[in-house]
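Protein chains in written order, with this note's numbering: chain P, 240 to 308; chain S, 2 to 210.
You may find that some hints are simply not true.
To give an idea of the interface, some chain P residues facing chain S are shown, with a C-beta separation under 7 Å as derived from the structure [unchecked claim]:
no., residue
1, Tyr245
2, Pro273
3, Asn283
4, Pro285
Just a sample of chain P residues kept apart from chain S, beta carbon distances all over 12 Å, derived [to be verified]:
no., residue
5, Trp256
6, Ile272
7, Pro277
8, Val281
9, Arg284
10, Ile292
11, Lys296
12, Lys297
13, Arg298
14, Asp305
Hints in this document: simulated from the structure, not taken from any laboratory. Using N, Cα and C, we set each Cβ at its ideal position, and we do this for glycine too.
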Amino acid sequence: MPIQLYGQTEFARMIGWKPSKFTAYWGKKNLRIPIPEPYAYVGNRPAWTMEQIEGFKKRLEAKSNDEAP
Amino acid sequence: MLAEWNYGDAYLRYPISDEYTFPDGSRIKVHNIFDPLPGFMKEADLIFSDPPWNLGNLNTFYTKAGRTDYQDSFEVFYKRLFECVREISPKTCYIEVGKEYLSEFIQEMKSIFKYVTFYNSSYYHKKENICYIIRGSSKRQRLPLDYMDEEDIIEWICANEDYTCIGDLCMGRGLVGWNAYKNGKKFVGTELNHKRLSVLIEKIMTDRS
Chain P
240 MPIQLYGQTE FARMIGWKPS KFTAYWGKKN LRIPIPEPYA YVGNRPAWTM EQIEGFKKRL
300 EAKSNDEAP
Chain S
2 MLAEWNYGDA YLRYPISDEY TFPDGSRIKV HNIFDPLPGF MKEADLIFSD PPWNLGNLNT
62 FYTKAGRTDY QDSFEVFYKR LFECVREISP KTCYIEVGKE YLSEFIQEMK SIFKYVTFYN
122 SSYYHKKENI CYIIRGSSKR QRLPLDYMDE EDIIEWICAN EDYTCIGDLC MGRGLVGWNA
182 YKNGKKFVGT ELNHKRLSVL IEKIMTDRS
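With the rest of the complex left out, here is chain P:
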């Protein structure tokens, strides 16, 4: 099964973030919901699978639901 990989800009768009927010978040450590380790790198640019992106999005949504009043 061919694998499709997505870069930072596409990752940000798929989770509804601006690329600048994603880049800032990507650089942080000890986050409660860390961005997954990239599946691969294209040159020096990280790349993720759709499954990884969707998993991260679900974790974000679950966190925001937990924190809702």
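Since the structure of chain P is already known, use the hints to place chain S on it.
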């Protein structure tokens, strides 16, 4: 057989029917990848291989080697290639591939190594000849290889990677072996076509004399 498949007739001057050991201990062998891996290949702590990129390409190498036992599945071939990589268990591995099987090769590499990087590359120093070089390793490194020609990448790897012996499972005319030799490093390799291996033997032995 076409003269161009005789590779300058090096095989007549430096024949190799099975194995050949160079003065520095580097070893090469005429070998079908589907046969058991020669033990000496496990000396490699770094691999660079440029295997055939699809079934048609694979079978042209059988033709050029004067063989008729053609393969009917490219998947069987590349699964065997990565099985050999697993068996050798190098610290770092580079595999060159075209676009058609890039995805499959990335997934195979990812099943062996924690970090996988692939570089946009080209061959014969022509930008329109697009290929990719996939690097698998246990340590992530930022390397300046993206958009370099594959020949320059091989040269860079042999000069700059941290290794004691480089292996090549599809040696061809031995570009990897030649670059390892130029850097005073050991190499090991296998190749289906004895005539292509003779080119490397001649090149190194001529350079030494």
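Hint check results:
Restraint check, Tyr245(P) versus chain S: the minimum CB separation of about 13 Å is more than 7 Å; hint violated. Given hint, Pro273(P) at the interface with chain S, is violated; its Cβ is 16 Å from that chain's nearest Cβ, farther than 7 Å. Annotation: interface hint on Asn283(P) holds; nearest CB of chain S at approximately 5 Å, less than 7 Å. Interface restraint check: Pro285(P) against chain S, minimum CB-CB distance 10 Å, threshold 7 Å, status violated.
Under the 12 Å C-beta cut-off, the non-interface status given to Trp256(P) relative to chain S holds; the minimum distance is some 24 Å. Listed as outside the interface, Ile272(P) is consistent with that label: its C-beta sits roughly 22 Å from the nearest C-beta of chain S, beyond the 12 Å cut-off. Not every C-beta of chain S lies more than 12 Å from that of Pro277(P), the closest at about 9 Å, which undercuts listing it as non-interface. Val281(P), annotated as away from the interface, has a beta carbon of chain S within 12 Å; the closest lies near 6 Å.
For Arg284(P), the condition that its CB be more than 12 Å from all CB atoms of chain S is violated, with the nearest at approximately 9 Å. At roughly 16 Å, the least C-beta separation between Ile292(P) and chain S is larger than 12 Å, which holds for a residue marked as non-interface. No Cβ of chain S approaches the Cβ of Lys296(P) within 12 Å, the least distance being about 22 Å, so the stated non-interface status holds. Every Cβ of chain S is farther than 12 Å from the Cβ of Lys297(P); the closest lies at roughly 22 Å, confirming the non-interface assignment.
The Cβ of Arg298(P) lies farther than 12 Å from every Cβ of chain S, with a closest approach of about 22 Å, so its non-interface assignment holds. The non-interface label for Asp305(P) is consistent with chain S: the shortest C-beta to C-beta separation is roughly 31 Å, beyond 12 Å.
The earlier numbered hints that this structure contradicts are 1, 2, 4, 7, 8 and 9.
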